[in-house]
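Enquirer: As a plain string of letters, each chain reads:
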Amino acid sequence: MIHSKKLSTKIGIYCLLIAGVLLSIAPFYWMLVGSTLPSGEIFRLPPKLLPGDYLAKNFQSLNESLGFAKIFWNSLFIALVYTLVSTLISSMAGYAFAKFTFKGKNLFFFIILCTLMIPSQVTLIPLFEMMVTFNWLNTYQAIILPTLASPFAIYLMRQNMKSVPDSIIEASRVDGAGELKIFFTVILPVTRPAMAAVAIFLFMSQWNSLLWPLITLNSKEMFTLPVALSSLIGMARIDYGQLMLGTTLSTVPIMIFFLLLQKHFISGILGGAVKE
Amino acid sequence: MEQTEKAVNTKTNFRVKTRKSLLTPKNVPYVFIAPAFLLILIFTVYPVISSFILSFQEVRGLEKSFVGFANYSRLFQDPVFYKSLLNTFQILIVQVPIMLFLSLLIAVGLHSSMLKGKAFFRISYFMPAITALVAASIVFMILLDEHFGLVNYLLSFVGIEPIPWLTTPFWAKVSVILVMTWRWTGYNMVIFLAGLQNIPSDLYEAASIDGASKVKQFFMITIPQLKPVFIFTVVMSTIGTLQLFDEPFILTQGGPNNATMTITLYLYEAGFKFFDFGYASAIAYVLVIITAIISWVQMKLVGDE
Numbered sequence: 000m001i002h003s004k005k006l007s008t009k010i011g012i013y014c015l016l017i018a019g020v021l022l023s024i025a026p027f028y029w030m031l032v033g034s035t036l037p038s039g040e041i042f043r044l045p046p047k048l049l050p051g052d053y054l055a056k057n058f059q060s061l062n063e064s065l066g067f068a069k070i071f072w073n074s075l076f077i078a079l080v081y082t083l084v085s086t087l088i089s090s091m092a093g094y095a096f097a098k099f100t101f102k103g104k105n106l107f108f109f110i111i112l113c114t115l116m117i118p119s120q121v122t123l124i125p126l127f128e129m130m131v132t133f134n135w136l137n138t139y140q141a142i143i144l145p146t147l148a149s150p151f152a153i154y155l156m157r158q159n160m161k162s163v164p165d166s167i168i169e170a171s172r173v174d175g176a177g178e179l180k181i182f183f184t185v186i187l188p189v190t191r192p193a194m195a196a197v198a199i200f201l202f203m204s205q206w207n208s209l210l211w212p213l214i215t216l217n218s219k220e221m222f223t224l225p226v227a228l229s230s231l232i233g234m235a236r237i238d239y240g241q242l243m244l245g246t247t248l249s250t251v252p253i254m255i256f257f258l259l260l261q262k263h264f265i266s267g268i269l270g271g272a273v274k275e
Numbered sequence: 000m001e002q003t004e005k006a007v008n009t010k011t012n013f014r015v016k017t018r019k020s021l022l023t024p025k026n027v028p029y030v031f032i033a034p035a036f037l038l039i040l041i042f043t044v045y046p047v048i049s050s051f052i053l054s055f056q057e058v059r060g061l062e063k064s065f066v067g068f069a070n071y072s073r074l075f076q077d078p079v080f081y082k083s084l085l086n087t088f089q090i091l092i093v094q095v096p097i098m099l100f101l102s103l104l105i106a107v108g109l110h111s112s113m114l115k116g117k118a119f120f121r122i123s124y125f126m127p128a129i130t131a132l133v134a135a136s137i138v139f140m141i142l143l144d145e146h147f148g149l150v151n152y153l154l155s156f157v158g159i160e161p162i163p164w165l166t167t168p169f170w171a172k173v174s175v176i177l178v179m180t181w182r183w184t185g186y187n188m189v190i191f192l193a194g195l196q197n198i199p200s201d202l203y204e205a206a207s208i209d210g211a212s213k214v215k216q217f218f219m220i221t222i223p224q225l226k227p228v229f230i231f232t233v234v235m236s237t238i239g240t241l242q243l244f245d246e247p248f249i250l251t252q253g254g255p256n257n258a259t260m261t262i263t264l265y266l267y268e269a270g271f272k273f274f275d276f277g278y279a280s281a282i283a284y285v286l287v288i289i290t291a292i293i294s295w296v297q298m299k300l301v302g303d304e
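Residue numbers (numbering that gives the first Met the number 0), protein chains in the order written: chain A, 0 to 275; chain B, 0 to 304.
None of these hints come from the bench; they were simulated from the model. Keep in mind that the hints are not guaranteed to be accurate.
In silico PhoX-like cross-links for lysine-lysine, where the CA-CA straight-line distance does not exceed 25 angstroms [what the hints assert, rightly or not]:
hint: 1; chain 1: A; residue 1: Lys5; chain 2: B; residue 2: Lys213
hint: 2; chain 1: B; residue 1: Lys213; chain 2: A; residue 2: Lys9
hint: 3; chain 1: A; residue 1: Lys4; chain 2: B; residue 2: Lys172
hint: 4; chain 1: A; residue 1: Lys5; chain 2: B; residue 2: Lys82
hint: 5; chain 1: A; residue 1: Lys262; chain 2: B; residue 2: Lys115
hint: 6; chain 1: B; residue 1: Lys213; chain 2: A; residue 2: Lys161
hint: 7; chain 1: B; residue 1: Lys117; chain 2: B; residue 2: Lys213
hint: 8; chain 1: B; residue 1: Lys172; chain 2: B; residue 2: Lys82
hint: 9; chain 1: A; residue 1: Lys180; chain 2: B; residue 2: Lys25
hint: 10; chain 1: A; residue 1: Lys102; chain 2: B; residue 2: Lys82
hint: 11; chain 1: A; residue 1: Lys4; chain 2: B; residue 2: Lys25
hint: 12; chain 1: A; residue 1: Lys9; chain 2: B; residue 2: Lys115
hint: 13; chain 1: B; residue 1: Lys115; chain 2: A; residue 2: Lys5
hint: 14; chain 1: B; residue 1: Lys63; chain 2: A; residue 2: Lys219
hint: 15; chain 1: A; residue 1: Lys9; chain 2: B; residue 2: Lys25
hint: 16; chain 1: B; residue 1: Lys25; chain 2: A; residue 2: Lys98
hint: 17; chain 1: A; residue 1: Lys9; chain 2: B; residue 2: Lys82
hint: 18; chain 1: B; residue 1: Lys215; chain 2: A; residue 2: Lys5
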């Protein structure tokens with residue numbers, strides 16, 4: 000009697016959880032299907048739930064209206080350079096804050112923490128003026144540089160570098176290793192998991208970023224994926240087939256990486272909020 | 000003999016080289032923080048100060064003139080600005096509790112019932128959190144179409160008349176809330192789940208021995224133990240919602256009739272549609288002040304207990 004009651008609660012919980020999974024996943028399926036249908040078929044009742052044969056056609060029209068390869072390259076190049084450099088400089092700063100005592104340390108760190116608390120919207124107008132002055136509108140550096148030093152990444156790296164034992168740093172110094180060598184061959188290898196998480200966090204925030212690129216990029220061939228997708232919506236007649244395909248192509252690569260590197264991904268996106 | 004000498008030589012050479020190297024334990028921390036710190040000074044600290052000054056100026060082309068509090072007083076008489084504040088807070092107050100409740104519910108469900116396939120559930124629920132807000136908003140824009148959208152089609156089976164999701168003020172807000180909830184519930188669920196897993200199991204064992212029921216254990220142990228996690232998710236969700244932009248920009252462009260105009264969307268329009276830089280800066284500073292007050296209150300609530 001008690002046993003069957005337990006079993007039925009268990010089944011109930013399963014059903015609810017699976018319903019939730021369906022709600023989470025269904026939009027992805029719909030997106031994939033939509034990218035293989037012409038605009039008219041996407042808005043048809045009853046809806047088509049199986050893939051059509053319009054994928055190539057959608058890709059062709061997406062390429063005609065956006066120059067898709069260039070836009071994908073823009074997003075990828077920006078996100079990769081940003082991630083590499085930002086991870087490196089935040090690791091360097093994190094290391095200095097975690098493992099050295101120096102004059103002004105607390106002040107420097109306090110300033111960085113303050114910028115962490117301020118909504119980034121405040122910087123938009125002066126940054127835009129700056130980009131105009133430097134003649135940097137529609138350039139990669141305009142997207143990459145302003146957020147290149149991420150206070151959040153610095154903070155996370157500092158927290159992680161703190162757990163590196165001082166003794167191994169001292170030992171390397173005694174062995175005559177230079178400071179740069181210690182950083183690259185001793186410190187970075189032991190903090191690799193933290194760096195991976197920070198890198199994923201930075202990559203995702205850049206890959207998905209809309210507001211700042213929207214402000215600084217107005218020539219089509221410099222668009223990033225989110226800006227390009229939002230420009231498709233602004234058109235007088237929206238071609239939903241190519242819109243769905245563009246959305247799919249900007250999401251699927253991330254999905255693949257996510258499925259390959261789930262653990263790193265989850266802790267990366269949660270930005271170290273979760274320790275497992 | 001010669002060989003050993005050579006080896007010793009190279010070794011001393013190496014030593015000399017390191018000693019002469021520009022980086023010493025004394026200056027190395029400055030060199031290491033320099034790139035990050037200079038970038039922050041140029042691209043964050045300077046703009047924050049500049050924006051503050053701009054909020055007291057009127058910008059016309061290249062001319063800037065001080066106008067005192069004119070931007071702020073205009074702001075406090077601007078019905079659209081009030082509307083954007085009200086919308087942002089309405090969305091905040093409805094969305095954050097619903098989302099966190101759902102997240103907690105799923106996390107508890109996953110945690111408690113010795114389920115098989117926990118990893119599968121965790122990944123599936125987390126999937127929406129990897130999508131760009133732009134992508135999520137586009138897919139929902141199509142799903143929520145009044146006449147041909149899948150959502151209304153499915154609702155018609157349970158006898159619900161087509162809902163004008165994106166075209167009436169009330170439902171437009173609901174749509175924004177739906178997209179936000181879809182995008183962030185799994186994200187917060189994973190945080191809760193980790194919090195649940197960190198609660199020491201002997202607390203429950205002790206309670207069971209004392210004869211406390213499962214429900215009682217939930218309220219006496221789980222909820223209090225989760226408090227730090229709870230506060231973290233509330234603070235993060237609140238800050239995120241105050242900066243809401245992508246979803247209303249894609250779904251409804253702030254409409255209909257400004258029903259989904261948010262603070263950041265209004266800032267964007269003032270700054271980059273009308274190039275009213277002084278006014279946009281004033282909006283930005285109101286956002287800073289609101290964020291500061293709310294963060295302070297939330298910190299205070301934590302500190303008291």
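Enquirer: Work down the list of hints and note, for each, if the structure agrees.
Expert: Results for each hint:
1. A:Lys5 - B:Lys213: 13 angstroms, holds
2. B:Lys213 - A:Lys9: 15 angstroms, holds
3. A:Lys4 - B:Lys172: Given that 25 angstroms is the threshold and the Cα spacing comes to 41 angstroms, the pair is violated.
4. A:Lys5 - B:Lys82: 50 angstroms, violated
5. A:Lys262 - B:Lys115: 18 angstroms, holds
6. B:Lys213 - A:Lys161: 40 angstroms, violated
7. B:Lys117 - B:Lys213: 21 angstroms, holds
8. B:Lys172 - B:Lys82: 13 angstroms, holds
9. A:Lys180 - B:Lys25: 16 angstroms, holds
10. A:Lys102 - B:Lys82: This hinted pair is violated, its Cα atoms lying about 48 angstroms apart.
11. A:Lys4 - B:Lys25: Cα-Cα ~69 angstroms, so violated.
12. A:Lys9 - B:Lys115: 11 angstroms, holds
13. B:Lys115 - A:Lys5: Measuring from Cα to Cα gives roughly 15 angstroms; hence the hint holds.
14. B:Lys63 - A:Lys219: 31 angstroms, violated
15. A:Lys9 - B:Lys25: 62 angstroms, violated
16. B:Lys25 - A:Lys98: 12 angstroms, holds
17. A:Lys9 - B:Lys82: 46 angstroms, violated
18. B:Lys215 - A:Lys5: 18 angstroms, holds
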